[in-house]
Amino acid sequence: MYRIAKDSINLLFAKIAEENALYLPVDNEKGSSEYKKWEDGTVMSEKLNTVRSPKDFFFPQVENLMEFKTEGKNIQLIDIREDSEDFVVFGVRACDVKSFEVLDNVFLNEPVDTYYKNRREHGVIIALACTRPAETCFCGTFGIDAASPAGDISAWMTDDTLYLEPNTEKGEKIIALLGDLVTECGAEAVEAQQESTRRIMKKLPLADLTTDAFGGDKTEEFFNAPEWATLSESCLGCGTCTFVCPTCQCYDIKDFNTGKGVIRYRCWDSCMYSEFTRMAHGNNRLSQLERFRQRFMHKLVYYPANNDGMFSCVGCGRCLAKCPISMNIVKVMKTLGGKNNG
Amino acid sequence: MQKITRDVLVEKAASLLENGTVDRVLGWKKGEFDYDLTPAVFTSADDLKDLVWNDFCGANFSKYLIANTKKSASKVLVFLKPCDTYSFNQLLTEHRFDREKVYAIGIPCEGMADISKIKAVTGDGISSIECGEKINVTTIYSDDTVSFDLSDVMAERCVNCKSKKHVAYDELIGEEGDVIESGRFDEVERIENMTADERYAFWQNELSRCIRCNACRDVCPACTCEKCVFDNPNHSLENKAPATSFEEKMFHIIRAFHVAGRCTDCGECSRVCPQNIPLHLLNRKFIKDMNTHYGEYQAGAEVGSRAPLVNYTTEDVEPGDVFEGRE
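Going down the list, the protein sequences come from chains A and B. Residues 100 to 441 (the numbering used here) are what the first sequence spells out, left to right. Residues 360 to 686 (the numbering used here) are what the second sequence spells out, left to right.
Looking at chain A on its own, in the form it has when it is part of the complex (with noise of 0.2 Å):
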């Protein structure tokens, strides 16, 4: 473990930033907290977590794929893909580490995502643990210690001091690349932090949430359970929770006219959206009953099926703090699974 003094942390960014792009959370002047790149005199936030998941660095919102041109009857393909810069992600909590997790299942079986991918490879995640969890928090349900994230490097930060973990080879070059600013010693003060954390978080209102009652095998025990009426029954079919969600990761792809071509592209899409997976023959989910119904099934049965039990849920609470009408997982899950959730 190695350890630099908090007031020096700004020589640590720039000796970071050095030979990698960095971003790190800083408030907005609505109080929020979203990724910025890192420049000289930028101040890190100390909020809880971002409104946005960093799930962008990866899989952003928007992106290009391939470009057609044509001239006459000619169609040519031009491929766009770049290498990506080196970039470091400062200050991403448990549950977003492990919303990576979740996303490398998904892109990086075959057939390999190469934006994906490509992203991936260049991109090194230092981890923060997290000191105060809010009451939506939930990490603990899907067995993520918030207290012991996980990332190329874990961090911890104390009043007066940063603490630095390499997991991986990318965290010990980043280590190595930091040098006499930092050095070596031992864990007490982190151990002390993480008891803290984890006695708050047998503390938290949503403690005792459990998976008990779902996974991969329960797709009948619950795909045409009653409840489902009166659950999605005020739902607005926007996409607030899908495109806060740290795991959401399904997508659409357009063609743009740009009069002398085609840029083909990429964009997020929501299963909570009239014209999501539309086919040729129309859409497969006519109303919002099973468009809802998919993305929490999705969540807590289809990906497990897929994933040897493991689900596609963190348990970050963006959804709980952002959706509109306050409806969200641990309401399904606790409706659903009530006899484990009671």
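Mixed in with the good hints, there may be bad ones.
Below, a list of computed lysine-lysine pairs in the PhoX-like style, where the Cα atoms sit at most 25 Å apart [claimed, not checked]: (1) B/K478 / A/K129; (2) B/K523 / B/K647; (3) B/K408 / A/K433; (4) B/K478 / A/K135; (5) A/K136 / B/K608; (6) B/K430 / A/K129; (7) A/K146 / B/K478; (8) A/K129 / B/K608; (9) B/K586 / A/K353; (10) B/K371 / B/K430; (11) A/K302 / B/K478; (12) A/K302 / B/K389; (13) B/K389 / B/K371; (14) A/K135 / B/K608; (15) B/K608 / A/K353; (16) B/K476 / A/K302; (17) A/K129 / B/K476; (18) B/K478 / A/K430; (19) A/K168 / A/K353; (20) B/K493 / B/K521; (21) A/K430 / B/K408; (22) A/K430 / B/K389; (23) B/K389 / A/K301; (24) A/K301 / B/K478; (25) A/K146 / B/K476.
From chain B, some residues computed to sit far from chain A (all C-beta separations above 10 Å) [what the hints assert, rightly or not]: (26) K362; (27) K408; (28) I425; (29) Y462; (30) S475; (31) D502; (32) D511; (33) E540; (34) E557; (35) N573; (36) V588; (37) L596; (38) E655; (39) Y656; (40) R665.
For the record, the hints were derived by calculation from the structure and aren't laboratory data. Glycine is no exception: its CB is placed at the ideal position from the N, C-alpha and C atoms.
Go by the hints and put chain B onto chain A.
Using the frame of chain A, we list chain B on its own:
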């Protein structure tokens, strides 16, 4: 605090369900944390145990009447705050639901709290909120209770409340209020006084945070098209994402134009925006301009009125004069 209690609403709803006047009740349902209420449909007296009326009942039910009147075999009971009644009338003006299938109860409102204003003081980790004379908040981080006056943590739209008067109801509970003077155009004026470059920068900055979740559109009682042009894959305007900074602005500006003269200024768009974009200011600018050029007009103040932009009188200001600043 609110002047009427939850129990009054529950009793009313239960008796109307019981005597068969209504078969559905639209109300606010309790959540996980005392502040995260969900708009819900209650169909039995037993359901009503979860109905809540407190300082967090911001959701406007008017738009829900479009779907719910179609599902009801008798009538739908809806509780309407004063501002909600303007949306109610506007929807009726546009023939969006059958008035005969609604039993509307007007309820007085003292303004609603904005949880983000509370959290700005208490921080995260809220363990309980009690709404009474004061709003008492506890967190898992402290043994102390933090007390707020509703006025200290009121949502912006309520601070600038335009009316305590219900413009539509079948029955009114509590006292009727008045249309009130508000400072709701102050912020619009501030933006009008900017230079063109400053104004452009202001909106560019605000709208750059948009994630195109469409929550503003989907909650808006004026946005009731069966199929929004932005969702239509056969239309060139269809777009699911703000591909460019131009598109970020285009969606919101087109929407503001589309609801101009029909927007009642209920403020739901800004309430639900996950990125806290002050979208209501676009609508208020249109309202203010219409007031200036065509005389005072409040959408939804009555059923059947013709909005200035879809009406013609010989006194109408010439567009060229407006553009040139001649009046």
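The hints, checked one at a time:
{"no.": "1", "hint": "B/K478 / A/K129", "verdict": "holds (13 Å)"}
{"no.": "2", "hint": "B/K523 / B/K647", "verdict": "holds (20 Å)"}
{"no.": "3", "hint": "B/K408 / A/K433", "verdict": "holds (17 Å)"}
{"no.": "4", "hint": "B/K478 / A/K135", "verdict": "holds (23 Å)"}
{"no.": "5", "hint": "A/K136 / B/K608", "verdict": "holds (23 Å)"}
{"no.": "6", "hint": "B/K430 / A/K129", "verdict": "violated (40 Å)"}
{"no.": "7", "hint": "A/K146 / B/K478", "verdict": "holds (11 Å)"}
{"no.": "8", "hint": "A/K129 / B/K608", "verdict": "holds (19 Å)"}
{"no.": "9", "hint": "B/K586 / A/K353", "verdict": "holds (20 Å)"}
{"no.": "10", "hint": "B/K371 / B/K430", "verdict": "holds (21 Å)"}
{"no.": "11", "hint": "A/K302 / B/K478", "verdict": "holds (18 Å)"}
{"no.": "12", "hint": "A/K302 / B/K389", "verdict": "holds (21 Å)"}
{"no.": "13", "hint": "B/K389 / B/K371", "verdict": "holds (18 Å)"}
{"no.": "14", "hint": "A/K135 / B/K608", "verdict": "holds (21 Å)"}
{"no.": "15", "hint": "B/K608 / A/K353", "verdict": "holds (20 Å)"}
{"no.": "16", "hint": "B/K476 / A/K302", "verdict": "holds (24 Å)"}
{"no.": "17", "hint": "A/K129 / B/K476", "verdict": "holds (11 Å)"}
{"no.": "18", "hint": "B/K478 / A/K430", "verdict": "holds (22 Å)"}
{"no.": "19", "hint": "A/K168 / A/K353", "verdict": "holds (16 Å)"}
{"no.": "20", "hint": "B/K493 / B/K521", "verdict": "holds (24 Å)"}
{"no.": "21", "hint": "A/K430 / B/K408", "verdict": "holds (17 Å)"}
{"no.": "22", "hint": "A/K430 / B/K389", "verdict": "holds (11 Å)"}
{"no.": "23", "hint": "B/K389 / A/K301", "verdict": "holds (23 Å)"}
{"no.": "24", "hint": "A/K301 / B/K478", "verdict": "holds (21 Å)"}
{"no.": "25", "hint": "A/K146 / B/K476", "verdict": "holds (15 Å)"}
{"no.": "26", "hint": "K362", "verdict": "holds (24 Å)"}
{"no.": "27", "hint": "K408", "verdict": "holds (14 Å)"}
{"no.": "28", "hint": "I425", "verdict": "holds (12 Å)"}
{"no.": "29", "hint": "Y462", "verdict": "holds (19 Å)"}
{"no.": "30", "hint": "S475", "verdict": "violated (7 Å)"}
{"no.": "31", "hint": "D502", "verdict": "holds (12 Å)"}
{"no.": "32", "hint": "D511", "verdict": "holds (16 Å)"}
{"no.": "33", "hint": "E540", "verdict": "holds (28 Å)"}
{"no.": "34", "hint": "E557", "verdict": "holds (15 Å)"}
{"no.": "35", "hint": "N573", "verdict": "violated (5 Å)"}
{"no.": "36", "hint": "V588", "verdict": "holds (12 Å)"}
{"no.": "37", "hint": "L596", "verdict": "holds (13 Å)"}
{"no.": "38", "hint": "E655", "verdict": "holds (31 Å)"}
{"no.": "39", "hint": "Y656", "verdict": "holds (28 Å)"}
{"no.": "40", "hint": "R665", "verdict": "holds (29 Å)"}
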